[in-house]
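Given only the sequences and the hints, what does the whole structure look like? Please build it.
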Amino acid sequence: MINRVILVGRLTKDPELRYTPNGIASCRFTVAVNRTFKGQNGEQEADFISCQAWRKNAENLANFMKKGNLIGLEGRIQTGSYEGQDGKRVFTTDVVADSIQFLEPRNSTGSSQGTSNYESSTNTGGTYQGAPQGQNYGNNQPSYLRGNEDPFANNKGPMEVNQDDLPF
Numbered sequence: 000m001i002n003r004v005i006l007v008g009r010l011t012k013d014p015e016l017r018y019t020p021n022g023i024a025s026c027r028f029t030v031a032v033n034r035t036f037k038g039q040n041g042e043q044e045a046d047f048i049s050c051q052a053w054r055k056n057a058e059n060l061a062n063f064m065k066k067g068n069l070i071g072l073e074g075r076i077q078t079g080s081y082e083g084q085d086g087k088r089v090f091t092t093d094v095v096a097d098s099i100q101f102l103e104p105r106n107s108t109g110s111s112q113g114t115s116n117y118e119s120s121t122n123t124g125g126t127y128q129g130a131p132q133g134q135n136y137g138n139n140q141p142s143y144l145r146g147n148e149d150p151f152a153n154n155k156g157p158m159e160v161n162q163d164d165l166p167f
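Numbering of the sequence shown is given in numbering that gives the first Met the number 0, commencing with residue 0 and proceeding in unit increments.
Derived by calculation from the structure, the hints in this document are not laboratory data.
Please note: incorrect hints may appear among the correct ones.
What the hints assert, rightly or not - FRET-style restraints, in silico, Cβ to Cβ:
1) K12 with N161: 48 to 56 angstroms
2) E42 with D163: 56 to 64 angstroms
3) M0 with N40: 36 to 44 angstroms
4) E73 with E44: 34 to 42 angstroms
5) Q162 with N33: 46 to 54 angstroms
Note that CB positions come from ideal geometry on N, CA and C, so glycine has one too.
Given below as structure tokens:
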């Protein structure tokens, strides 16, 4: 079974960081995602999708992003329910983010100017470009963001690979 979601949209308000009683960071937020078509009145329509991030993703989102910032996220849909104050059952649907990409600089005003070539990940080993120098988020893998040179760009032919190096 597959349950994967990929979204690109803008934050509808500043993310609020909270902690569980066990000290685990959590952040609920809403992403406005434009539809691919315009409504009957000719205006662009959007869906407002409830999302949740946990741990380092939640902390980074709350510390570096604000209302109007463009983000990309990958995650899964999670449904739930609870009993409302009126005694009726309330059903919920959220996207739980596994990975969040910051698609524009932290000091951006939420406009679309200058956002096309900026990417940063909060958990794939990339260094967040708005963070203090040398601070690395993730699993200490090298960063291959767009600003870095492709290590295979000047390769002039086939690479030799030893059979013992292959995982299969």
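Quiz prompt | Assessment of proposed distance window 46 to 54 angstroms (beta carbons of Q162, N33) | solution = holds, 48 angstroms
Practice problem: Check the following: the C-beta atoms of K12 and N161 are separated by a distance inside 48 to 56 angstroms. | Solution: holds, 53 angstroms
Exercise. Take a look at whether the Cβ-Cβ distance between E42 and D163 falls inside 56 to 64 angstroms.
Key: Given a distance of about 60 angstroms, which is inside 56 to 64 angstroms, the answer is holds.
Quiz item: Lying within 34 to 42 angstroms: is that true of the beta-carbon distance E73 to E44?
Solution: violated, 23 angstroms
Quiz item: Taking 36 to 44 angstroms as the hint, is the beta-carbon distance of M0 and N40 inside that range?
Solution: holds, 39 angstroms
The structure does not agree with numbered hint 4 stated previously, though it agrees with all others.
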